[in-house]
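Given chain L's structure and the hints, the job is docking chains S and Y with the ligands onto it.
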Amino acid sequence: MKVLVPVKRVVDYNVKVRVKADGSGVETANVKMSMNPFDEIAVEEAVRLKEAGTATEIVVVSVGPTQAQETLRTALAMGADRAILVQTDVTTEPLAVAKVLKALVEKEAPGLVILGKQAIDDDCNQTGQMLAALLGWGQGTFASKVVAADGKVAVTREIDGGLETVELKLPAVVTADLRLNEPRYASLPNIMKAKKKPLETVTPDALGVDVTPRLKTLKVTEPAKRQAGIKVPDVATLVDKLKSEARVI
Amino acid sequence: MPILILADHDNATLKPATAHAVSAAAKLGSDIHLLVAGRNAAPVAEQAAKLAGVAKVLLADDAAYEHALAEPVAALLVSIASGYSHVLAAATSVGKNVLPRVAALLDVAMISDITAVVSADTFERPIYAGNAIATVQSSDPVKVVTVRTTAFEAAAAANSAPVESVAAVADPALSSFVSAELSKSERPELTAARIVISGGRGMQSGDNFHLLEVIADKLGAAVGASRAAVDAGFVPNDYQVGQTGKIVAPELYVAVGISGAIQHLAGMKDSKVIVAINKDEEAPIFQVADYGLVADLFKALPELQQAV
Amino acid sequence: MTAAAIPYTPPLKEIRFVLDHLAGMAEVAALPGFEDASPDMVDSILGEAAKIAENILAPLNRIGDVQGANLGADGIARTAEGWGPAWQALVEGGWNGLPFDPTRGGMGLPNLLNTAVQEMWHSANMAFALCPMLTQGAVNAVQLYGSDALKDIYLPKMISGEWTGTMNITEPQAGSDLAATRSRAVPNGDHYLVGGQKIFITYGDHDLTENIVHLVLARLPDAPPGVKGISLFVVPKFLVNPDGSLGARNQVKCVSLEHKLGIHGSPTAVLSFGDEGGATGFLVGEPNRGLEYMFTMMNHARLNVAMQGLSIAERAYQQALAYARDRVQGKPLGWTEGQSKGIVNHPDVRRLLMGMKARIEAMRGILYTAAAAVDVAHHHADEAARGRAALLVDLLTPIAKGWCTETGQQLASDGVQVHGGMGFIEETGAAQHLRDARITTIYEGTTAIQANDLINRKILRDGGATANGLLDEIAALGGELSGHADEALRVTGAELVAAVHEAKQAVAWVLATAKQDPRLPAAASVTLLELMGVVAGGWQLARAAKVAVERLAEGDGDTAFLSAKPLTARFYATHVLPKAAALRATVVNGSASVMALSEEQLFGAA
Ligand SMILES: Cc1cc2nc3c(=O)[nH]c(=O)nc-3n(C[C@H](O)[C@H](O)[C@H](O)COP(=O)(O)OP(=O)(O)OC[C@H]3O[C@@H](n4cnc5c(N)ncnc54)[C@H](O)[C@@H]3O)c2cc1C
Ligand SMILES: Cc1cc2nc3c(=O)[nH]c(=O)nc-3n(C[C@H](O)[C@H](O)[C@H](O)COP(=O)(O)OP(=O)(O)OC[C@H]3O[C@@H](n4cnc5c(N)ncnc54)[C@H](O)[C@@H]3O)c2cc1C
Ligand SMILES: Cc1cc2nc3c(=O)[nH]c(=O)nc-3n(C[C@H](O)[C@H](O)[C@H](O)COP(=O)(O)OP(=O)(O)OC[C@H]3O[C@@H](n4cnc5c(N)ncnc54)[C@H](O)[C@@H]3O)c2cc1C
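If you're matching them up, the sequences are chains L, S and Y in order. The first sequence begins at 2 in my numbering and counts up by one. The second sequence begins at 5 in my numbering and counts up by one. The third sequence begins at 18 in my numbering and counts up by one.
Check before you lean on any hint, since a few could be wrong.
What the hints assert, rightly or not - Derived lysine-lysine pairs resembling DSS-like cross-links, with alpha carbons at most 25 Å apart:
no. : chain 1 : residue 1 : chain 2 : residue 2
1   : L       : Lys108    : L       : Lys244
2   : L       : Lys194    : Y       : Lys174
3   : Y       : Lys68     : L       : Lys17
4   : S       : Lys303    : L       : Lys244
None of these hints come from the bench; they were simulated from the model.
So that you can see chain L by itself, here it is in the shape it has in the complex (with noise of 0.2 Å):
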């Protein structure tokens, strides 16, 4: 079975974001990037079901600037097999993006798609659904654990009260939740390797793909700051507070 795991490069989750003065979005020039957290476990559940001998082939993809070849080779580096870039220096909308995922599903015939749950950049929590929804296919969001055979895939689900297990029918899109493992470290060996393997480039137009964003972002602000704090006279007022006014309990 083909695995494709989409991955992104987004601003280091290590990063403290400033919002640019004009409020025209974050600054970041200058910032370090990474791979969005999420699609590291994603991938590293890709290289995890290669080694257990259920996946035979990992293609990563990207879709953005140049620069997100880094974020692929990273990728390579920890075992993916070939990588795509979808480049486009637009900023891209999930819904563009499942599209443009859907087009290589297409090409590629994989088996799985496994994604993260969310970039941590936009926060959307979009793709992977969309990109179900746009094949046909089950989804299982969220995912702590993942176990694929003989046709089908039981993932594992966190759910705000718990864990649920749901079972789909293969092929079928997967996303990444924190708890599903631990990404590796990738090898020395492994870097160098990276290097080597082969790394496509195409572009949304030759895959018949709009990536036009539809949403207009009118403006990117600081969030508010803590208000002043009260005292409360009583507990009675302050359990009353807490419910009604900060809705905490």
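Same frame as chain L, but now just chains S and Y with the ligands:
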């Protein structure tokens, strides 16, 4: 055109999250229809009908909807979406799972996790883990949106909207439910807990931490401590919150009998809501607390236990 | 108590800047055999090494300090919690083999790149990083001088890190003075029987690997006295069977572990060889040339210990900076609305932090420049180019070892100072850096030994030609910059010219007085070393500033980063370079006073 909201429930009770989504929808200024898709979910439809602002409840009762699997529920939503300007859901694990699938099937962009409604087509949503807020506008014919529940009031239960049945649509049969493991009884892990209740030297003994534990269990909270409490042997090391202990940022942090030394604050100052209970009104913890209660903890804690 | 680990963020951007613009990564990558070291490969490697430093090694730094290494009842040294898996991560990642021969399992990458990786590992956890450092040193010695048989047996496993290496030089009576070495080796068929006691052996025993390969200095029965009669031997902890499997336990016993001021996590062993007749050892290279071979290892190790000075300073700096931003003590002078009230805005705290930052960048420039020169000296196609690079390495090694370690200590102390009282408290972690830094001026030759080397072998031996050559080059750069349109560059250039002038006078004085009384330059040696370090640091900051200003003029958009370079250089030029005059005065005027008191007077014989 009316607004459609997907209800979140377990076939017996409506999840409170949905009431928050209803308030968000109310800001859009059209009729609100609530879709309850489930199995034997009539009781849920009844509860939904009570939510203020809901004009109509649609009940799709079918075995395919019992576990809110994304594939059949999305198919159902898409089949009725054409009459609506917006499709909403609370940003719960169900809403986040189903709505993007709906959006893609409708070929529209989706707006996740909104924290404010600016106008019928414009919303605020946090990006970069809440370090920035984006205002986004959609020109799609149907707006598909999930709602961050903490940003909107819950709609009151003061209504009796009609309940209408809608037919199930063909189940794409791509997935099936296997099992669920819900509600762990043990207290959550400190750094992952939504609520943390910590005690300091003011607790006076390890036995007195029981006063915190009973409240924590009622709230599903984790129990933490100041270093002074750890050093005094009241509780084990791994309870320590602070510069040299654990760093936590829960929704609610309750500091009881903790003075608020900077080393302690370093570990909890990013909590969303901070409550301090301390008998010294000059204690520095009050400078960071959203709600401060000047009181003897031995009096306040039993009262708190009763009240929550 | 469970102390939260103090985070370490590898300064990848600084490292990359120095690699590219001061050390000449591109030129190194163009040397024969280094084709793989392309810019994107360098990025990938540094990025992954940074993750290991930050996420695996750094969190173990404090644990190692608190738990230390302990000798078990079974005579085996045990490392701290988590160290075994961390070592395993390095082995699985193939990191130990980075600079070594690909035909023996190495990666064949430049020493320069290895240096950048080592910087991060020493910053993350110096006590731990000593183990890969010494193993790499041992590999170097075997690779250069060992027989093919020795190489076949030992190199693959040492390169992979399955086995570690040590350096067994010091004996109770032979520390700085290796002529006093007493350990002996008696020929016995195809091997030797080694006996004697070695002390202070870093990672002399541990539980990280199944075998340890000791490189031991010892005397043959017929050896001439002094340093000309020392040979080098491989003595494995476990003998190795012909098929590569482990055989009998050799006669190497860990007698005890030292209790130390710092680097608690690093086991420092007393090793006893041949208690029951003789440990099996194998001669490396030719008899009586051991010291020469060991110096190969030591020169590698000296530059690495110099790196520890930089690394620990970087770690201390990151911690001090974070504290200074958070800690509030009064409203800083000239504070304006919107500025942070942290002590970082007190001018004196700034002075401390700038002093750390500027010296750290200076050290990085020196060390990476030296590391690149090592690559050129070994790999350049042109013999003359190799020779020039080798001379530069030889000159820079004692300066780097002496100045970077002394400076590292000073900066670790400054880091404590920024923390105020909290700096003195162990939980804060700032104190550990100071304690750990303290060893760096001692092992691999004390600062005095480096200074002796600088004066005797690097200055007097060639009549000052190499030293003056470098100083002339620095003066030329200073002269060029002193006419620059940029004010910070102008100030830097002028101060650099003045400092070089002082250094040249001091060198001239050494050359002149050595013939009169060798004690005079010896008394001035450490001061001269410091003077040379101060000037070399200024040289590197001036180079960095010049590149940065050029890049800005070319339209490079990273203004915040680049415009800091000339300003940092100017800080150094006005705070550190002026010390050159005082140091020169001490060298020239102060040496006679060093030995002026009689020994009786010193002891106050009254
Ligand atoms: C290097 C270093 C690292 C440190 N790291 C940490 C750390 O990680 N975490 C940490 O917490 N601390 C840390 N500290 C310690 C910190 O400085 C404080 O000493 C500690 O937080 C104080 O704990 P406390 O607030 O429980 O105790 P106290 O400061 O003694 O405060 C007790 C509080 O309880 C109140 N109180 C007493 N009785 C009652 C009552 N009956 N009803 C109501 N209120 C009452 C008092 O008014 C007082 O405000 C560190 C200190 C150092 C030097
Ligand atoms: C933690 C630790 C780890 C070590 N690891 C190793 C190891 O792995 N392998 C190993 O072989 N050794 C190791 N050593 C030993 C280390 O290299 C020696 O301690 C060092 O070389 C100094 O020797 P010494 O201790 O005998 O001091 P001494 O030589 O007695 O020096 C004492 C003082 O006299 C000065 N002095 C001595 N001779 C001269 C001179 N000619 N001119 C001017 N000043 C002089 C020194 O500068 C010093 O200030 C380690 C030591 C320590 C503490
Ligand atoms: C072992 C020990 C014993 C002690 N014993 C006692 C004792 O018996 N009694 C007692 O009362 N206290 C005692 N102290 C406290 C000691 O006096 C303080 O630690 C010291 O005054 C520094 O204050 P601080 O720790 O709050 O550091 P801070 O004031 O926070 O200083 C941090 C850094 O900021 C700098 N800084 C702060 N303000 C300024 C400024 N305005 N301008 C320029 N730089 C500034 C400082 O120089 C320092 O580098 C002790 C401390 C220790 C560690």
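Structure-based check of all given hints:
| no. | hint | in the structure |
| --- | --- | --- |
| 1 | L:Lys108 <-> L:Lys244 | violated (53 Å) |
| 2 | L:Lys194 <-> Y:Lys174 | holds (21 Å) |
| 3 | Y:Lys68 <-> L:Lys17 | holds (18 Å) |
| 4 | S:Lys303 <-> L:Lys244 | holds (21 Å) |
Hint check: a violation occurs at hint 1 only; the rest are consistent with the structure.
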